[in-house]
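K.L.:
Okay, here's what each chain looks like letter by letter:
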Amino acid sequence: MTPALLEVEHLSKRFPLRRTAFDALRGHPRPILQAVNDVSLSVARGEALGIVGESGCGKSTLARCLVRLHDPDSGTIRYDGADVLALAGAARRAFNRRVQMVFQDPYGSLNPRMTIHDALAEALRVHAVVPPAAIPARVAELLALVHLPPDAATRRPHAFSGGQRQRIGIARALAVEPAIIVADEPVSALDVSVQAQIVNLFLELQERLGLTLLFITHDLRLVRHVTHRVAVMYLGRIVEIGPTPALFAAPRHPYTQALLAAAPRLVAPSLVAPSLVGGRRRREAATRGELPGGAAIPAGCAFHPRCPVAVERCRRELPSLTPRGTPWPVACHLAGDPA
Amino acid sequence: MRLPFPLIAGLGILVLLLLCALLPGAIAPYDPLAFDYTAMLAAPGRAHLFGTDQFGRDLLSRTIHATRIDLQIALFATIGPLLIGGAIGLLVGWFGGLADTLVGRLIDLVQTFPFLVLVIAIVAVLGPGLENMYVAVAIVGWVFYARLMRGEVLVQKHADYIAAARALGYSQPRLMLRHILPNAIRPVLIYLVTDMALAILLGSSLGYLGLGAQPPTPEWGVLIADGKNFFTTAPWMSLFPGLAIVLTGLGFSLTGDGLADLMDVRR
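Going line by line, the protein sequences match chains F and V.
Reading the first sequence from the start, the letters are residues 2 to 340 in my numbering.
Reading the second sequence from the start, the letters are residues 48 to 314 in my numbering.
Quick caveat, the hints were computed from the structure, so don't treat them as lab data.
Here are some chain V residues pointing at chain F (derived, C-beta under 7 Å): (1) A206; (2) Y208; (3) H226; (4) P229.
Facing chain F, a subset of chain V residues (Cβ under 7 Å, in silico): (5) D207; (6) A210; (7) A211; (8) A214; (9) L215; (10) G216; (11) N230.
Quick list of the computed label-pair ranges, beta carbon to beta carbon: (12) V:T159 with F:D152: 46 to 56 Å; (13) F:A22 with V:L149: 13 to 23 Å; (14) V:T159 with F:L210: 56 to 66 Å; (15) V:A146 with F:P246: 47 to 57 Å; (16) F:R139 with V:L224: 17 to 27 Å.
Small disclaimer: the values here were computed from a predicted structure and weren't measured.
Note that CB positions come from ideal geometry on N, CA and C, so glycine has one too.
Using the sequences provided together with the hints, build the complete structure.
P.N.:
What follows is the structure in C-alpha cells.
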C-alpha cells in the first residue's frame with residue numbers, strides 16, 4: 002500500500018449545547034454533544050474511502066474537521082506528513098488548495114449572487130491557479146470537465162437544477178486543483194436518476210485526475226459502487242473499517258450487519274441473517290430502538306443498547322478498533338472471538 | 048428584462064421631484080420669497096395654482112422650492128444611519144462574541160425609547176437646525192440598520208456557500224464583502240428607501256416644531272406649520288405641502304417595492 006496522503010489520529014470534536022438558565026442555576030453541567038470521538042483513519046493517494054453511518058453519527062463533522070471548517074478538540078490530522086492543525090496563513094491556504102469539499106445541499110452551497118464564471122474565477126484568482134489572462138479559458142475547461150455547457154458561466158445558480166448545481170459545486174472544488182475531495186453526502190439531495198450521473202462523474206474524475214476521494218454517505222449502495230475501503234461510524238466512532246467488497250460480503254460488527262440488513266437489495270439475506278458474532282446465530286440482526294443522541298452516548302460499547310448480541314462486558318468496557326483475528330479492525334468485543 | 052411597474056411609477060415620481068429640486072427657478076412661476084400684498088391668502092386659482100399665504104407668497108413656488116431641502120433631508124438623514132448601522136451590523140453579526148452581545152443590548156436599549164422623542168431631545172441639546180438633526184438621526188437611527196443587517200448576516204453566515212468559501216481559504220474581508228454583504232444587504236436597502244420617506248416626515252415634523260429648517264427657508268413641514276393658524280380660512284396653505292410629502296413618500300415606497308422585486312435573485 003502506498004503511504005498515506007491524509008492521516009487522522011484520535012480526532013475528537015465536541016460541541017457544547019445550550020442549557021436552560023434553570024439548569025445552570027441548579028449547577029447542572031453544560032450538556033456536550035460528542036460529535037466525533039477518537040477517530041483514526043488514513044487515506045492513500047488515489048484511494049476512495051467511504052464513510053457510512055446513520056444521520057447524526059458525526060460523518061459531516063468529521064468531514065468539516067478534515068477541511069478545517071471545524072477545529073477539532075483533540076487529535077491530529079496530517080497531510081502528506083505535515084501537521085494540518087498547526088498550519089496558519091499562506092501554509093493554511095496552500096492546504097485549503099489541496100483538500101476541497103463538495104457539499105450536500107446543491108441549493109445552499111453556491112453563492113446566489115455570483116455567476117458561475119465569477120464563482121470559479123474567484124477561486125482561480127485567489128489561489129493564482131492560472132495567470133489572470135487564462136482565467137476565462139480555464140473556467141470553460143472546468144465546465145467541460147463536469148459536463149456543463151460553456152454558456153452556463155454567464156448564469157447564476159438559480160438557473161440550474163439540483164444535479165447541475167452539484168456539478169458546479171464539483172467544478173468549484175476542482176478549480177484549485179486539489180489532491181483530495183471530501184464529498185459530504187454529495188448526492189443525497191438529488192433525484193435517484195441524477196444521483197447516478199453525479200456518482201459516475203466522481204468515478205470519472207477520480208480516474209482522470211487521480212483524485213483521492215472521501216465519500217461520506219448513508220447510502221450503502223453508493224459506497225459499494227464508489228469506494229475501495231469503507232469506514233462504518235456509529236455515534237462518533239469508527240466501529241469497523243476495511244476493504245469495501247470483503248466487508249460488504251462478510252461484515253464483522255453487529256452494527257454493520259444491521260446496516261447491511263436494512264438495505265435488502267444489497268446483499269442476499271443468507272449473508273446477513275446469520276450473525277457472525279461469537280458463533281451465535283440469530284434470525285434478525287436488525288437494530289432495536291432509535292439512535293441515541295450524541296449528547297447521551299451509552300457507556301461501554303455505544304451500540305450495546307441496540308445490539309442483538311450484547312453481553313455484560315459490552316455495557317462496561319469500550320471495545321477498541323483493532324484486528325481481533327479478523328482481516329480488518331473491528332470495534333466489538335465479540336468479533337472474531339471463537340468462544 | 049421587464050422593470051416592475053411600481054419601480055417605473057416610483058422612479059417617475061422621484062425624477063419629477065429631482066427636477067423640482069435641481070431647477071426650482073425654471074419650474075416655479077413666482078419668486079418663493081416675494082410678497083404680494085394684492086393677493087394675500089388667495090384661494091387656489093388660475094393665477095396661483097396652490098393659492099397664496101398671508102403675505103401673498105405663491106404656495107406652488109414655495110412648495111417647489113422646498114423640494115431641494117426635503118430631498119436633501121431624505122438623503123442626509125438616512126446615509127449616516129445606513130453606513131454606521133450597516134457596518135456595525137455586518138461586523139458584529141459576522142464575528143459574534145462579546146461585541147455582538149453588547150451591541151445587541153445597545154440596540155434593544157435605544158429601541159425602547161420612542162424614536163422621535165429621542166431625536167427631539169438630542170436636537171434640543173445640540174440646538175435647532177438641519178445639521179444637528181442629521182447628527183441626532185445618525186445617533187439614534189443606526190440601530191434599525193444594524194439590527195436588520197446583523198439578523199441577515201447571522202442567517203447567511205451559516206449557509207453552505209460560506210462554508211465552501213472558507214474551505215477555499217478566502218480571507219475574512221473577502222468573505223464579508225464579496226460573499227456575505229451582497230446576500231445580506233437586500234432588506235437593508237429596501238428599508239433604506241422606506242426610511243427616506245420617514246426621514247422627510249421627520250424633517251417636516253421637526254420643521255413644524257421649529258427644530259429643523261429655519262424660516263424663511265421653504266420646507267414642507269415649515270409650510271404646514273405656517274398654515275396651521277389659517278387652517279379654517281385658508282386650508283390650502285397646509286394641504287399642498289402635505290400632499291407633496293405624501294407624493295414623495297409614495298415615490299420612495301414604490302421605488303422600494305420595485306427594487307425588492309428587482310433584487311430577487313430568482314428573477
